[in-house]
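Q: Which chain is which? The protein sequence lines are A and B, in order.
Counting the first sequence from 1 gives a position; the working numbering is that position plus 203.
Counting the second sequence from 1 gives a position; the working numbering is that position plus 8.
What the hints contain is simulated information worked out from the structure, not anything from laboratory work.
All residues carry an ideal CB built from backbone N, CA and C; glycine is no exception.
There could be a bad hint or two in this list.
[Said to hold, decoys possible] When the alpha-carbon atoms are kept at most 30 Å apart in a straight line, the in silico BS3-like pairs for lysine-lysine are as follows: (1) B:Lys-123 / A:Lys-356; (2) A:Lys-253 / A:Lys-462; (3) B:Lys-165 / B:Lys-95; (4) B:Lys-95 / A:Lys-462.
[Claimed, not checked] Computed spacing ranges between beta-carbons, pair by pair: (5) B:Ser-23 / A:Lys-253: 23 to 33 Å; (6) A:Phe-400 / B:Ser-23: 13 to 23 Å; (7) A:Phe-400 / B:Thr-25: 13 to 23 Å; (8) B:Phe-42 / A:Leu-317: 39 to 49 Å; (9) A:Thr-311 / B:Ser-23: 56 to 66 Å.
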Amino acid sequence: MNINDHIHHGAGDLISHKDGIVPLLILSLSFLLLVVMYIFAANLSSRRYKQWPLHRTVLWSLGVMCAAAALIGPLANHAQMDFTDHMISHLLLGMLAPLLMVLAAPMTLTMLTLNVRAARRLSRLLRSRPVSILSNPIVASLLNIGGLWLLYKTDLYMAMQQNILLHVLVHIHIFLAGYLFTASLIYVDPTPHQSSFVYRAIVFVIALAGHGILSKSIYAYPPVGVPINQAEAGGMLMYYGGDAIDLVIIFILCFQWYKFTYPREFSH
Amino acid sequence: MSAKSDNCKYQARFSYTRRNQWSGILFGIGLAAFFDETVFHQLLRWHHFYDKSTTDIGLISDGLLHSFSWFATVGGLFLFADLRRRKALWLTCWWGGVLLGTGGFQLYDGTILHKLMRIHQIRYVENVLIYDLLWNIIAVLMIIAGTILIVRIRSNKQQEETI
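Isolated chain A (complex conformation) (with noise of 0.2 Å):
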């Protein structure tokens, strides 16, 4: 037997089964809770408010879908021994649903649920320098596409593998580096700190050829302790899978830069 096969095997077992029901139940009731407050605040602000949108309910619920597969049942379990199902899990975490959730105007829909104090004080947090400088479109992207050269290209996706904490700390950084990602490029809810059309369409381009030059690198020099056909496969995955899903965010964000030019230079 491979030893690759052995620290995969390890590692499938290091959430699903030793630990037992437990984590697994904790973080299927959060996601579970997570649609229940969005639903919650989406009646409130209806009541309160204009109707809220159902599509954004949709968005966000397909969103918190797509986080829950790659972290719990079938494929978070294969995930774990095999490099393929670890990139559509990827995938799933840091690309598809980000966009979902960043669609569903999580932030909007806070401030009408929040009575005036606390909505004055998120508004002023989002003001803040340290939000400012997370949400420039460089720095998103250096989290982003620079957090996953760390993982593939150094000795951490071993010790992910291995590591029950360092597994958990970065499943939960390519999430949260993911929808900073697609929030620093297409502005759904309210955007202090905006950047231009043109500086988000530069970075874009660039981040994406990174993303493209670590898949094609991944197919061509395997991860450590990943075999070389998993490695391809994956590989591949990641570059077209990529491709689909950022083909959306750059049809979102030319959509918004064409509606953003119409009235200004037709009102004059």
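Go by the hints and put chain B onto chain A.
A: Just chain B now, kept in the frame of chain A:
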């Protein structure tokens, strides 16, 4: 139609000549990349996803071009829509741009990426030279055709402006 409304129509087109051209060039680059991916990589399977002799700089250049081409396709089409709503679309100029973009991409792909950086070859056969020649000659022809269209429009525009 009255001469006045005709004049207005051309005015919009004239003030957006550059945008017509750029929309075409961007879309042309995207079109060439899309054609390359679907026909040569996926359908014919002549091109390879990765070739062992690829240099690092080749990998980087390929990645940048690939991501830029997606942006160019979508951005070029949104610029096209923008020109239409401004009633400033000039199809001859746009097609000139498309030919320039497609030809330019193909020439860069055929010389720098395939030959210099060795990202992959057109087809893995003995006589690849014939494929290379044909590939690059078609690219140059497209660039020439695009240039002719755009130069003719430029001189046309200058004539109109002097009148």
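Q: State for each hint whether it applies.
A: Hint by hint, here is what the structure shows:
no.	hint	in the structure
1	B:Lys-123 / A:Lys-356	holds (28 Å)
2	A:Lys-253 / A:Lys-462	holds (23 Å)
3	B:Lys-165 / B:Lys-95	holds (17 Å)
4	B:Lys-95 / A:Lys-462	holds (16 Å)
5	B:Ser-23 / A:Lys-253: 23 to 33 Å	violated (40 Å)
6	A:Phe-400 / B:Ser-23: 13 to 23 Å	holds (21 Å)
7	A:Phe-400 / B:Thr-25: 13 to 23 Å	holds (22 Å)
8	B:Phe-42 / A:Leu-317: 39 to 49 Å	holds (46 Å)
9	A:Thr-311 / B:Ser-23: 56 to 66 Å	violated (38 Å)
In terms of the numbered hints stated before, the structure departs from hints 5 and 9, listed from lowest to highest.
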